[in-house]
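Trainee: This is what each chain is made of:
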Amino acid sequence: MDGNGAELKAPISPALRGVEEINALVTGVERQLDQWAAATTAWITDSGKLTGTAVDKFIRPAVQSMLQAPDSKVVGAGFIATPGLLGPDRSYIAWWQGDDMERVDALANFSPQSLSRYVKSEWFRIPVETGKPHVTGPFIDLLCTDEYVLTFSHPVFNGGTIAGIVGLDVTAQTLERLGLPLLRRIGERAALVNDGGRTVICAASDIDAGDIVTAAEGAESHAVGRQFRILSAVGPAGA
Amino acid sequence: MSLSPLGASRSLAAVFTPIKSGGLVDEVCRRIELAVETGLLVSGQRLPNEVELAGALGVSAVTTREALSQLRGQGLIRTARGRSGGSFIADDALPSPDHARIRLLALTRLQISDLGLHYQAIAATCAGVAAKRSNDGDVEALRTYIRPRAENGTPATALEWRLASSEFLLEIAAVARSARLARELLRLQADMGTLTLLPFGDTDFCNRTAELSEAVTAAIARHDQASAEARTKDLIHMTTTWLLEEHSSGQSH
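Protein sequence lines correspond, in order, to chains U and V.
Counting with the working numbering, you get residues 5 to 243 for the letters of the first sequence.
Counting with the working numbering, you get residues 21 to 273 for the letters of the second sequence.
To be clear, the hints were calculated from the coordinates, so they are not data collected in a lab.
Warning: the hint list may mix true and false statements.
Unchecked claim - Pairwise CB distance ranges (calculated): (1) V/Q131 x U/T31: 52 to 60 Å; (2) V/A81 x U/D212: 44 to 52 Å; (3) V/S269 x U/G91: 25 to 33 Å; (4) U/L20 x V/H257: 49 to 57 Å; (5) U/G88 x V/T177: 23 to 31 Å; (6) U/K136 x V/R242: 41 to 49 Å; (7) U/R230 x V/H243: 28 to 36 Å; (8) V/T177 x U/I166: 33 to 41 Å; (9) U/G32 x V/L125: 34 to 42 Å; (10) V/A81 x U/E192: 55 to 63 Å; (11) V/L264 x U/G32: 33 to 41 Å.
To be verified - Below, computed lysine to aspartate or glutamate pairings styled on EDC-like, alpha-carbon distance capped at 16 Å: (12) V/K152 x U/D212; (13) V/K253 x V/E234; (14) U/K124 x V/E187.
All figures in this text were calculated on a predicted structure; none of them were measured in a lab.
Built from N, CA and C at the ideal position, the CB exists for glycine as well.
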């Protein structure tokens with residue numbers, strides 16, 4: 005298709021195309037997670053009593069295909085059970101990271117104290133409490149990757165009862181590599197921000213990922229995915 | 021001035037340092053020791069069996085068996101036979117102040133103060149950046165680690181104080197949102213190991229830690245970078261000073 009291929013539609017500006025492409029990037033990740041959550045809910049609902057081994061056997065291949073897919077954006081993914089699903093007061097973590105499928109903190113499955121750290125985290129707590137998908141971050145993930153990441157997490161159910169979450173991690177670096185060239189087309193001070201106004205990527209060199217920014221006067225704001233926005237221009241950091 | 025790529029760069033030497041081979045058994049042991057040190061695995065707790073442990077850690081069953089046998093030799097775990105058998109964390113496996121004191125006295129003053137300086141540099145930088153990037157949620161999270169949560173009125177133990185204090189510093193790194201600094205802080209805390217347990221046996225030290233942590237949190241909340249850095253330096257300096265004094269009095273006996 006050449007550049008003039010729009011027959012009936014008005015030609016869209018490079019800026020608007022940039023917004024659409026970043027939106028496609030984020031919603032692509034969200035849709036991948038939605039589908040995985042639906043499959044996991046169906047599997048749990050159809051299974052009888054669950055064991056750790058059965059969970060691993062179901063979750064691991066899905067994670068492997070996500071992590072090892074060509075051009076994968078995902079650095080880690082897995083499932084965490086709500087306490088009680090596998091046994092009384094017992095949670096369970098089945099999470100892997102990296103191309104070589106490194107298992108995250110499997111020792112935690114034998115230690116109630118360390119499992120409580122996962123259960124308290126925002127990316128577990130919020131989807132479990134609200135029954136809705138959630139994006140956490142960007143934040144420093146000291147439990148898994150030790151990287152600056154966004155965690156997309158989605159509740160899964162056993163019939164109608166909450167059973168846990170599936171989630172995946174995308175590094176802020178990955179988003180910068182893919183999103184920064186698109187963001188530059190929107191404006192030299194355009195930024196992708198989370199719902200707390202914290203920068204995920206910014207075209208301006210004086211703003212770092214993690215800085216809190218505000219929209220410049222007259223800037224446009226576009227919704228991206230479920231929780232992000234693109235601001236066409238931002239003010240200085242900390243303003 | 022041009023720099024020769026093979027010139028006398030001091031960091032080049034590190035590239036050609038011999039790589040340790042083997043060591044997998046030691047690594048498995050170190051992980052379990054660390055889990056006990058930090059209170060993640062507690063006395064009486066059953067460890068996964070050899071096969072589960074091997075699978076979890078991604079090592080062979082032979083390696084696991086050797087590691088368990090080494091830990092048994094150290095008295096960190098005990099093994100029971102029979103139906104309800106398995107390997108358990110030993111009853112006296114709590115991180116002990118006595119062991120920590122022995123370790124402290126085995127160090128030189130130079131090692132303690134140098135480790136303290138490194139810790140101070142990393143933690144203070146984290147605090148400065150955290151002051152720039154904090155929001156209300158971050159400050160609220162920091163506050164939860166200023167004092168260990170008292171469970172039904174019993175005073176917190178030294179172990180709980182130490183845990184809260186190391187979590188407080190890690191939270192500052194998380195608020196700073198620097199992956200490299202956070203990883204460096206984790207490594208430093210592992211290097212300090214049980215040493216940091218010692219000062220928390222001292223109630224006065226616990227209270228001063230909580231006061232300084234409040235001051236750090238307040239500075240981060242009002243985005244005062246200079247003060248956040250200075251108070252964090254004071255916080256680490258207090259630990260280093262305590263350890264150096266303990267070291268002196270221990271050696272003069």
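Trainee: Next step is simple, just say for each hint if it's right about the structure.
Mentor: Okay, the hints, checked on the actual structure:
no.: 1; hint: V/Q131 x U/T31: 52 to 60 Å; in the structure: holds (53 Å)
no.: 2; hint: V/A81 x U/D212: 44 to 52 Å; in the structure: holds (47 Å)
no.: 3; hint: V/S269 x U/G91: 25 to 33 Å; in the structure: violated (50 Å)
no.: 4; hint: U/L20 x V/H257: 49 to 57 Å; in the structure: holds (55 Å)
no.: 5; hint: U/G88 x V/T177: 23 to 31 Å; in the structure: holds (29 Å)
no.: 6; hint: U/K136 x V/R242: 41 to 49 Å; in the structure: violated (34 Å)
no.: 7; hint: U/R230 x V/H243: 28 to 36 Å; in the structure: holds (30 Å)
no.: 8; hint: V/T177 x U/I166: 33 to 41 Å; in the structure: holds (35 Å)
no.: 9; hint: U/G32 x V/L125: 34 to 42 Å; in the structure: violated (58 Å)
no.: 10; hint: V/A81 x U/E192: 55 to 63 Å; in the structure: holds (58 Å)
no.: 11; hint: V/L264 x U/G32: 33 to 41 Å; in the structure: violated (56 Å)
no.: 12; hint: V/K152 x U/D212; in the structure: holds (11 Å)
no.: 13; hint: V/K253 x V/E234; in the structure: holds (14 Å)
no.: 14; hint: U/K124 x V/E187; in the structure: holds (14 Å)
Of the hints listed earlier, those the structure fails to meet are numbers 3, 6, 9, 11, in rising order.
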